[in-house]
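As you go down the protein sequences, you meet chains Y and D in turn.
Note that the numbering used here numbers the first sequence so that position 47 is 55, with each residue one more than the last.
Note that the numbering used here numbers the second sequence so that position 46 is 29, with each residue one more than the last.
Hint data in this document are derived by calculation from the structure and do not stem from the laboratory.
Everything numeric in this text was worked out from a predicted model, so none of it was measured.
No incorrect hints appear here.
Over 10 Å on every C-beta distance to chain D, these chain Y residues come out as not near it, computed from the model:
| hint | residue |
| --- | --- |
| 1 | 349 |
| 2 | 351 |
| 3 | 359 |
| 4 | 360 |
| 5 | 437 |
Partner residues are not named here, just some residues of chain Y that face chain D (Cβ under 8 Å, in silico):
| hint | residue |
| --- | --- |
| 6 | 200 |
| 7 | 226 |
| 8 | 259 |
| 9 | 405 |
| 10 | 446 |
| 11 | 460 |
| 12 | 467 |
Don't be surprised by glycine CBs; every beta carbon is placed ideally from N, CA and C.
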Amino acid sequence: MTTTIRCPHCGTANRSGSNFCNSCGAELRASEARPPSSAAPLPEAGAAESARPGASDPSERASDPPTSTELPWLADAALWRGAEPAAGRELTDPEFEPSGFTDDADDESGTDPEPVAQAGRLIVGVQGLLDPVRIAGDLTADPTRMPLARAASATDVDSEQLRRLRALVTQDPTLLNIPAVMAWPPLLRLRIPWIFALLGLMVGLPVLLLYSQPVGRAHAWPGVAEAYTVVQNLPPAAPVLILWGYDPSTADEMDLVALPMMAHLFDRQSRPAVVTLLPTGLATARRLFARTTTDQIADQTFTSQPNSTAYSEIGFLPGGAVALSWLGQSDNFSQIETANLTPELAQALAAGPALAIVVAAQAEDVQQWLELVQPLAQMRQTPVVAFTSAGADPALRPYLDSGQLAGLVSGFDGGYTYQQLRERPLSQPEETLYRLHLVFQNWGHMAFLLIIILGNLAALLGVRTQLGD
Amino acid sequence: MSLPRFTFTTYLAPLIALACLILIVLDRAGIAPGLHVVTTLLYTWTILLGGFALLLGVVNVLLVHVRRIQTGQTGWTYSLALVATLFAVFVAGLIEPEGAFGAMLGWIFENLIAPGQAMLFALTAFFLAAAAYRLLRIGRTGGVWMLTGVLLVLITQMPVANNFVSPLWAILADWTVTYPATATIRGAILGSALALVVAGVRFLIGRSQP
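Construct the complete structure from the given sequences, taking the supplied hints into account.
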């Protein structure tokens, strides 16, 4: 027969001779020295008092169970001070045993009943090295801890006090400020798919029904008018160096930012040359160029095809930001031999482009250009304009304020405002697309506002959701 | 007594990095214009190494997935699809006279790569929705400030709101983005830049390994 020793802290049965509990890591040596029946008796208040550090009698302290001597805050009397003793029994009564504080497993096996001191704790797992702190009230849904959970729920402890204790230990401020959790019917509980469905519904349906209605105007952030002015002042046939810093993953936003710029460059009959550090950057640029030229051809104001002088490609440069330093050294343009970059344009770029444009979804691309390329001698006189995503805007504002950026167009708002400044409208499909995105902006933002309001209402009313709050 | 082992990472790599650093700094500072040719060569080597690393990455991905197919690991069918797609695109690029800019690769890019990447990125909206629901609450620590900033910018960006919200609201949103938000981001950037400098110096003086 294998003899076992029960852990005085968590109640786990360990093999006799174990120094520490396999479950919680509590020391077992002191417990083993005692007979099993006295492994963890209900501590008396007087015993707990004398067990505190500084107690007068060391020998008396050494004879106390570990749970009460080493961790006095776990003593039942300390935690249950505010509780109503069952049936008028006093907590200091050595015979006091709260109802329901028994271990069913032990009852069934016929062995000694579990020491009631275990079930009396509100906090478990403090002493153990492997267990996180757990509150008895939290264990109601944990079947492995059911005896403890049932013990806590079966007492007459004031729920408000229990809730405050939980809030104190978990440091969750929402628990301090909200009333007790309301029991909502399962159908009324918010679930994550409902949030997603709300977002999809508010963006999808209005687009189908209302996209032709007037929807307001986009906000004009600072820097757009300056960017427009710089491009507008370009002389004809001016060489423009473009760093293409986005790929299809962000193209839905960035195409709307870059499309008016590209069309404007063609209006000014400038000669853009595109370079990219992304493997799919050139393909993305080509796609937008095709859209732009299609617009211009439809408008019969401009005829251009890929591989013409209206659009040139320097190419894809691997190597990350170092490639920008290489590009900034103007004599390197003469080494570039691509089908789309004519020697005349390469020579013009080497002499110094009239304008440098960074089209990037991330602020880092613009920053790297400003730090690695712009300070070089050949690029110091070249103004830089950035067309970026809305998320990159705050990081680039200081460069705009300091004058390092001559203009900044960010997000759909910026692209829309830029297009409004142009004298010539885009083609009908593109104009429809912009109007459609205004609807997206409106209803998408309203969906987010509604989601935020729902979240705050849920917190105020204490609605438990599937999201874990 | 055994001598300390001479390894590439302990001595040679930091020395090469230090030499490159000195050359680039001297060139960019304009102290030694004659170094221009050397730095251009270094930049060119880096670009070549970057291209080679890209190729190496593709080969590595291919080997990993071929091994997974051979051993029949979980999800080997996905690996098979990946390898088949890789070869299809590779062959399409080879057989077309225009190479990477041919019509077939253009179709693949336009109808497979671009929608696929856009679809994956669009999932961000749902993550943001879940985060907005859970985190933008008044009761949370700092929740009022976060919520105020979000509402300012969110409502300013609503086109329909610009018709009836006071211009003061937009001015306040501009100010929020320009000053508090920018200051915070710049602080984080400066902190990370300093950390990068410290990490670089530690590497150069041999206190840490790459």
